[in-house]
Amino acid sequence: MSSVKAVEIRNLSFCYPDGKTALNDISFELNPGERVAIMGGNGAGKSTLLMCLNGVLQGTGEILICGMPVVKKNYKPVRQKVGLLFQNADDQLFCPTVYDDVAFGLRNRGEREEVIRRKVAESLHAVGLDGFERRNAFHLSVGEKKRVALATALCMDVEVMALDEPTSSLDPRGKRELTDLLKRYSQAQMIATHDLRLARELCQRIIVLKDGRKIADAEAGKILNQKELIASAGLE
Amino acid sequence: MRHQFLDEHAYRGTALHRASGGLKILFSLAGILWVVGLGPGQAKSLAVAVLFLAGLTKLGKIPPGDFLKRMLLVFPIAAMIGISVLTVPRGDHGVQARLFGLVIAKALISVWILFLLTATTPFPVMLESLARMRCPKIFLMLLGFCYRYLFLMADEAERMTHALASRGYEGRWLGQARFIGHLIGMFFVRSYERGERVFAAMLSRGYEGPEHWRAYE
Ligand SMILES: Nc1ncnc2c1ncn2[C@@H]1O[C@H](COP(=O)(O)OP(=O)(O)O)[C@@H](O)[C@H]1O
Ligand SMILES: [Mg+2]
Numbered sequence: 001m002s003s004v005k006a007v008e009i010r011n012l013s014f015c016y017p018d019g020k021t022a023l024n025d026i027s028f029e030l031n032p033g034e035r036v037a038i039m040g041g042n043g044a045g046k047s048t049l050l051m052c053l054n055g056v057l058q059g060t061g062e063i064l065i066c067g068m069p070v071v072k073k074n075y076k077p078v079r080q081k082v083g084l085l086f087q088n089a090d091d092q093l094f095c096p097t098v099y100d101d102v103a104f105g106l107r108n109r110g111e112r113e114e115v116i117r118r119k120v121a122e123s124l125h126a127v128g129l130d131g132f133e134r135r136n137a138f139h140l141s142v143g144e145k146k147r148v149a150l151a152t153a154l155c156m157d158v159e160v161m162a163l164d165e166p167t168s169s170l171d172p173r174g175k176r177e178l179t180d181l182l183k184r185y186s187q188a189q190m191i192a193t194h195d196l197r198l199a200r201e202l203c204q205r206i207i208v209l210k211d212g213r214k215i216a217d218a219e220a221g222k223i224l225n226q227k228e229l230i231a232s233a234g235l236e
Numbered sequence: 237m238r239h240q241f242l243d244e245h246a247y248r249g250t251a252l253h254r255a256s257g258g259l260k261i262l263f264s265l266a267g268i269l270w271v272v273g274l275g276p277g278q279a280k281s282l283a284v285a286v287l288f289l290a291g292l293t294k295l296g297k298i299p300p301g302d303f304l305k306r307m308l309l310v311f312p313i314a315a316m317i318g319i320s321v322l323t324v325p326r327g328d329h330g331v332q333a334r335l336f337g338l339v340i341a342k343a344l345i346s347v348w349i350l351f352l353l354t355a356t357t358p359f360p361v362m363l364e365s366l367a368r369m370r371c372p373k374i375f376l377m378l379l380g381f382c383y384r385y386l387f388l389m390a391d392e393a394e395r396m397t398h399a400l401a402s403r404g405y406e407g408r409w410l411g412q413a414r415f416i417g418h419l420i421g422m423f424f425v426r427s428y429e430r431g432e433r434v435f436a437a438m439l440s441r442g443y444e445g446p447e448h449w450r451a452y453e
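Note that the protein sequences, when read in sequence, are chains A and B. Here the first sequence stands for residues 1 to 236, where the numbers follow our numbering. Here the second sequence stands for residues 237 to 453, where the numbers follow our numbering.
Derived from the structure by calculation, the hints contain no laboratory data. Every residue, glycine too, gets a C-beta built ideally from N, C-alpha and C. Careful: at least some of the hints might be erroneous.
Claimed, not checked - Some residues of chain B that are not near chain A, with every Cβ distance over 10 Å (derived):
| id | residue |
| --- | --- |
| 1 | A255 |
| 2 | V321 |
| 3 | D328 |
| 4 | P360 |
| 5 | L363 |
| 6 | Y383 |
| 7 | L388 |
| 8 | R395 |
| 9 | V434 |
| 10 | A436 |
| 11 | A437 |
| 12 | L439 |
| 13 | S440 |
| 14 | G442 |
Claimed, not checked - Capping the alpha-carbon separation at 27 Å, the derived lysine-lysine pairs in DSSO-like fashion look like this:
| id | chain 1 | residue 1 | chain 2 | residue 2 |
| --- | --- | --- | --- | --- |
| 15 | A | K119 | A | K76 |
| 16 | B | K373 | A | K76 |
| 17 | A | K76 | A | K5 |
| 18 | A | K119 | B | K373 |
| 19 | A | K210 | A | K227 |
| 20 | A | K210 | A | K222 |
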């Protein structure tokens with residue numbers, strides 16, 4: 001298992017239908033359990049990159065998740081390995097109750113209802129929201145919504161978590177709680193963000209995107225010391 | 237969140253709230269059919285219905301203010317239908333007036349029944365009950381999405397009108413039309429994009445189409 005990379009991306013490019021090239025020849029790998037920050041200003045291509053990971057968007061080039069190529073016939077197993085967290089939790093929690101939301105993926109996987117009930121309870125516990133099953137996402141705070149969204153990924157026993165700006169729109173305490181939570185999980189994590197503090201605290205490694213290209217990929221400390229690089233990527 | 241939501245009062249513990257959802261749905265449907273079928277000579281039955289509903293409303297501890305507000309909301313629609321009845325000449329003025337009153341009363345009572353149902357049954361319970369009554373899944377899914385996103389969309393619409401107002405828009409009659417057009421267009425685009433994102437989120441969690449969708453089983 002240890003020799004198989006959690007994520008391998010080779011020469012990935014992506015062009016939106018209107019002709020905008022959002023990703024341009026991106027390549028990198030991610031080891032199991034590794035946390036990497038994908039940094040870049042608005043429009044750098046972070047969200048597009050994450051959406052390519054499980055085939056929601058299809059670019060050119062090659063992506064492998066735990067050794068499986070992300071191609072149509074593998075979508076099902078790939079999507080069970082990758083937990084995608086959208087920037088806006090309201091887009092992710094689309095069911096009438098928290099329970100249905102967390103159970104959605106499990107039901108699609110064909111689990112039995114007892115298993116589902118147990119897993120939902122476990123994953124809500126893992127994000128510190130015991131007993132939230134019957135609540136409606138409409139009435140949760142932004143921080144709680146983000147945590148429910150995390151639970152929807154955790155319950156699927158994913159091996160890669162792709163988080164799109166997880167701390168944007170959270171207040172300082174919400175940010176702290178979410179950061180602490182993410183530190184506890186052992187999955188490989190790809191965290192798209194333009195929050196330097198979050199990257200510094202969570203990630204050993206940083207990849208910097210600019211206009212759809214990878215312009216840096218190194219240890220977090222090294223990147224954060226390069227003031228020019230940070231500035232040219234529009235991060236500060 | 238400043239908007240009222242559909243099942244705002246539905247999470248209390250009165251006997252009416254505790255009654256089975258399926259039973260309440262059946263009774264509501266039967267009640268509406270009965271009321272709609274009443275003829276002009278059955279004013280007494282209507283009065284009985286009103287008394288009965290008033291009792292239930294009291295039993296369910298539903299604040300009269302909220303109840304009246306919803307009734308006022310539907311009143312113009314009921315009145316329009318009533319007026320359309322008046323355009324067809326039937327008998328003398330007395331008969332016309334009675335018909336007019338009957339149509340409005342029926343409409344209001346039907347809405348009252350639905351209001352009671354939603355105010356005493358949490359929406360998820362309603363969906364589960366409908367599922368048990370073999371309601372088609374695609375319909376349940378759509379209802380669920382409506383419940384989840386209706387008020388979010390109302391908020392969005394409100395933010396957009398606030399943005400317009402904060403830029404000095406006063407809504408005079410003729411100039412208004414153009415901006416309302418913009419607003420509706422913007423609203424459509426935003427809702428469409430949200431739909432795309434929600435669908436991407438569903439795909440990401442293994443959704444393979446309504447025929448494979450399992451819930452409420
Ligand atoms: N649906 C879309 N259609 C066309 N262009 C898009 C679409 N979504 C994003 N883009 C463009 O692709 C580029 C990358 O966007 P995105 O991946 O969202 O960046 P980020 O998440 O880093 O802010 C941007 O220039 C953006 O304008
Ligand atoms: Mg983005």
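Results of checking the hints against the structure:
no. : hint              : result
1   : A255              : holds (18 Å)
2   : V321              : holds (38 Å)
3   : D328              : holds (52 Å)
4   : P360              : violated (5 Å)
5   : L363              : violated (6 Å)
6   : Y383              : violated (5 Å)
7   : L388              : violated (6 Å)
8   : R395              : holds (13 Å)
9   : V434              : violated (5 Å)
10  : A436              : violated (5 Å)
11  : A437              : violated (5 Å)
12  : L439              : violated (6 Å)
13  : S440              : violated (4 Å)
14  : G442              : violated (4 Å)
15  : K119(A) / K76(A)  : holds (20 Å)
16  : K373(B) / K76(A)  : holds (22 Å)
17  : K76(A) / K5(A)    : holds (19 Å)
18  : K119(A) / K373(B) : holds (24 Å)
19  : K210(A) / K227(A) : holds (15 Å)
20  : K210(A) / K222(A) : holds (18 Å)
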